[in-house]
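Taking the hints into account, I'd like the entire structure generated from these sequences.
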Amino acid sequence: MTSTELDLPVASRVAPVRWRLPGTGWQRLVSPLALLALWQLTGSLGLLPERLLAAPATVAATALDLVTSGTLPEAVLVSLGRVAAGFTVGAVAGVGFALVAGLSRLGEYAVDPPMQMLRALPLFGLIPLFILWFGIGETPKITLLALGVAFPLYLNTFAGVRGVDAKLGELGAVLRLGRGELVRHIVLPGALPQVLVGLRQSLGVGWLALIVAEQINADSGLGYMINTAREFLRTDVIVVGLLVYCALGLVTDSLVRVVERKALTWRRGLLG
Amino acid sequence: MATRTARLTQAPPDGRVASVRGLVRSFGDRRVLSNVDLDIARGEFVALLGASGSGKSTLLRVLAGLDGEARGEIGVDDAVAVSFQEPRLVPWKRVLANVVLGLRGPDATDRARAALAEVGLAERVDAWPLTLSGGEAQRVSLARALVREPGLLLLDEPFGALDALTRISMHRLVLDLWDRHRPGILLVTHDVDEALLLADRVLVLESGRIAHESPVPLPRPRHRDHPDLVALRAVLLRRLGVTPEGTA
Ligand SMILES: Nc1ncnc2c1ncn2[C@@H]1O[C@H](COP(=O)(O)OP(=O)(O)OP(=O)(O)O)[C@@H](O)[C@H]1O
Ligand SMILES: [Mg+2]
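In the order they appear, the protein sequences are chains P and A. To convert, note that position 19 of the first sequence is 19 in full-length UniProt numbering; the numbers rise steadily by one, no gaps. To convert, note that position 117 of the second sequence is 117 in full-length UniProt numbering; the numbers rise steadily by one, no gaps.
Heads up, some of the hints might be wrong.
Stated by the list, open to error - Pair ranges (Cβ atoms, derived): (1) Arg119(P) to Ser34(A): 42 to 50 Å; (2) Arg71(A) to Gly169(P): 22 to 30 Å; (3) Ser34(A) to Arg105(P): 50 to 58 Å; (4) Gly72(A) to Ser104(P): 28 to 36 Å; (5) Thr109(A) to Leu33(P): 52 to 60 Å; (6) Thr109(A) to Gln215(P): 54 to 62 Å; (7) Leu264(P) to Ala51(A): 36 to 44 Å; (8) Val92(P) to Phe27(A): 36 to 44 Å; (9) Arg105(P) to Ala41(A): 49 to 57 Å; (10) Leu33(P) to Gly120(A): 56 to 64 Å.
What the hints assert, rightly or not - 27 Å max Cα-Cα, derived DSS-like pairs, lysine-lysine: (11) Lys262(P) to Lys167(P); (12) Lys262(P) to Lys93(A); (13) Lys93(A) to Lys167(P).
No lab work stands behind these hints: they were computed from the structure. Here a beta-carbon is modelled for each residue, glycine too, at the ideal position from N, C-alpha and C.
Have a look at this one:
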């Protein structure tokens, strides 16, 4: 929770807030659990019809069903495959272009203006074009994902590379580092914190792009599962699908956090 | 020492590690260095004094090869090392890796360890720079400069940010290292006493040129109350536009 502490205004760090209740935080679980109970209760009493929203118990039972029948794992695998493909393409392109633009003036002139223009296009507004160009198979989905992933990574990596302390560049000159050594020892590690910020942003956009992309005539994957459920008024399946999207997003985000903690240990001294 | 292996890019005349003639450097239409002549002999310890903004760092950057826009004849030994005013360690590299950075040869790591041991930091080789004290960081920076066995070592106010006690032990350390490795040193400083305690020769930069030069022909270690130093201090302070009253 270091990050939240850092966000506090200085005054509250200096004089810790005294009136906070003692305890380990279980109090924070009370109201979500109460809401869950209320949701279950209204469902059981028939106040909340199942075609609008299934009750938690039903959702849990359905989840178990979907897992044991293999439907859910299969759908998740398909969706993960799309994310992996789109993410890889987008990340390679985003970071690659950012390095080209960040490491040389010529590269900047060649790459940055078109990137800035493309970035202004609304991502999801491109779907009709993609369908015209690529049909309704996997290609438009992966393209959409790749684009969504590429831009946050491009912008952050470019800013990170350019933001590396010029004094360290001078140091590199004094130590007679070659260009490759300079990039490897100074520029890339210096840009890394910003790249990781970009990575988290792009994963956020990536999951969103997946959800939207899977609405385009998917015949497999989580989106397909959810769309089919809608046709049969299976709100329980829809809720399971949403929860899985949610969980996947959280998992990738915490993966990046782990990478961040490992890769940026040198900052510990700074952050305490 | 560097003498044997050093390849002189623009060889300064023999016996010297730096030789500058008619050096001019302007920023826009402001002439910061208007006509600097400077020689540093191999193994000589030179201190450079000057008011704030007089161009000391500018001159040092020219000698370090960091300034491509200076004009004049500039001859500098090929083996130059710099220690900046702030230690300028690479924060994402541990202490040892900072010293090894840019070192060539299979024994680079051993040499770096030895250099760190020389500045008394053998135990801190694995520390992150952000966890070092100011004095420790500055010593790493010195080790990083010295491990390159420079013919010319440029020090830009390396002790400026240190407390008085640390500064005294750093003076001793620098003299010690200089004694052992004998690089030519150009030490930029604000501190007249520091210059007098350490250097063979003290220069004053003023109006864009070396306006004054005082040899300090005293054996080391020197004591600041030595009558010759007291006299020299008065002269230098006057050159710097400070009246000597109130100085100990
Ligand atoms: N890159 C630059 N662009 C414009 N002006 C500069 C630049 N670098 C230095 N100067 C100017 O040149 C003058 C000399 O600067 P320099 O840093 O060499 O002074 P200094 O003698 O080292 O001063 P100090 O003792 O305060 O460090 C200053 O007036 C400074 O503003
Ligand atoms: Mg300066």
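Discussion item. I want to verify a distance hint. Is the separation of the beta carbons of Thr109(A) and Gln215(P) within 54 to 62 Å?
Written reply: holds (57 Å)
Worksheet entry | Distance restraint hint 36 to 44 Å, applied to the beta-carbon atoms of Val92(P) and Phe27(A) | holds (43 Å)
Item to complete: Hint says 52 to 60 Å; check whether the CB-CB distance for Thr109(A) and Leu33(P) agrees.
Response: Holds: the Cβ-Cβ distance is about 57 Å, inside 52 to 60 Å.
Worksheet item: Is the hinted pair Lys262(P) and Lys93(A) satisfied, with a Cα-Cα distance of at most 27 Å?
Response: Holds: Lys262(P) and Lys93(A) sit about 14 Å apart, inside 27 Å.
Discussion item. Just to be sure I understand the hint, the distance between the Cβ atoms of Arg71(A) and Gly169(P) should be within 22 to 30 Å; is that true here?
Written reply: 23 Å Cβ-Cβ, so the 22 to 30 Å window holds.
Worksheet item: Going straight from one Cα to the other, do Lys93(A) and Lys167(P) come out at no more than 27 Å?
Response: holds (15 Å)
Item to complete: Can you let me know if the beta-carbon spacing of Leu264(P) and Ala51(A) is within 36 to 44 Å?
Response: holds (42 Å)
Worksheet item: For the pair Arg105(P) and Ala41(A), does the Cβ-Cβ distance stay inside 49 to 57 Å?
Response: violated (41 Å)
Worksheet entry | Supplied distance hint 42 to 50 Å, evaluated on CB atoms of Arg119(P) and Ser34(A) | holds (49 Å)
Discussion item. Check the hint pairing Lys262(P) with Lys167(P) against an upper bound of 27 Å on the C-alpha distance.
Written reply: The hint holds at about 26 Å.
Discussion item. The hint says 56 to 64 Å between Leu33(P) and Gly120(A); measuring C-beta to C-beta, is that right?
Written reply: Once the Cβ atoms are compared, 59 Å apart, the range 56 to 64 Å for Gly120(A) and Leu33(P) holds.
Worksheet entry | Cβ distance range 50 to 58 Å for Ser34(A) and Arg105(P), holds or violated | For Arg105(P) against Ser34(A), whose Cβ atoms are near 32 Å apart, the range 50 to 58 Å is violated.
Checked against the numbered hints above, the structure breaks hints 3, 9 and satisfies the rest.
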